[in-house]
Amino acid sequence: MMASSQDGVDWGRTCAGCKEWLKSYSYRRYGKEVLQIDSAWEILHRTIYNCTDGIADHNKDFIVQFPDWDPSEYFHTNMSKESHVQGIVAHNNTKRFFLRETTTDLPRAHLWYSTEEVIVALQLFLDAGNHLAGSLTYRYDLVDLMRQVLSKLANQVYLDAMTAFQQKNVKALTLQSLKFVELIKDVDMLLASDDNFLLGTWIESSKKLAVSPREMRQYEWNARTQVTMWYDTTKTNQSKLHDYANKFWSGLLEKYYFPRASTYFTYLLESVVQKEGFKLEEWRREWISYSNKWQSGTELYPVRAQGDALAISKALFKKYLL
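Mapping to the UniProt record's numbering: the sequence shown position 191 is 191, numbers consecutive.
Don't take every hint at face value.
Dumping the calculated EDC-like pairs for lysine to aspartate or glutamate here, alpha-carbon to alpha-carbon at most 16 Å [to be verified]:
1) LYS255 x ASP186
2) LYS32 x ASP186
3) LYS19 x ASP53
Label-pair ranges, simulated between beta-carbon atoms [said to hold, decoys possible]:
4) ASN169 x THR263: 19 to 29 Å
5) GLU215 x GLY17: 43 to 53 Å
6) SER289 x TYR244: 15 to 25 Å
Simulated from the structure, these hints should not be mistaken for laboratory data. We put the CB at the ideal spot given by N, CA and C, even for glycine.
Could you build the full structure based on these sequences and the hints that come with them?
So, in structure tokens, the structure goes:
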């Protein structure tokens, strides 16, 4: 959308012609005019597509961010003194918080827009489904928007888990941990419904460049390594470039980010239950060993979408956002 908008529109303070351009863009992208989609793109234009803070954004969402930290040392919250809250209002008028302000040394997920407004845009996208379900570009945008919303929800669930860890609350930590890994599984299912979000496509395209079995193994390792841990790891220290090229791709979430989060939360729970310090080095050692094996693996991943993107999106909206 941003590349398409560079010509023919005055993008100054008043953005003369923005509304008409967005309307024409929507028509060109989906092949028909749908009122709900036009309204959704107006919202997205002033929210997600309007980052003005100058931050270079390498994705720090906790689903794809390697948790290389001991939260007892680096995470502190002060929920009684929140000065700012970013959240959404669900349809039943209850507040669901996506990112509460905290004092934390953990990497911050970049959030520059109102999540409440983006949820409205997502609802409009879903409402347009009966008119546009046959459009490949509509399904792509729907999956991408739902992924964006759920990843921000997962960020807050993660922070809630860290709070529970600090408070030594086993029940709450268990609950939030399960919520987080369930979100990973659900987002993977969502991504699997569109051909453009598949790990298998990335790996198979790399393998096709090879002219020998040896090259094929190398190219597959390259493809797996580039989107995960990179190459310069030791037994207890991750690569300096780890997760630099993280991706929200089906297959990568289920087989890489899901076991990573599950293993990390197991160590957190063990620390609380046994009333011991978090075993950071043991956690690093176990995960780096797993990652190295995965990077050298040869298991196949789907290269064709599975499932109905619209039906899955509606189900996830009902599950998490109503």
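Which numbered conditions among the earlier hints are violated in the structure presented, ordered from lowest to highest? 2, 3
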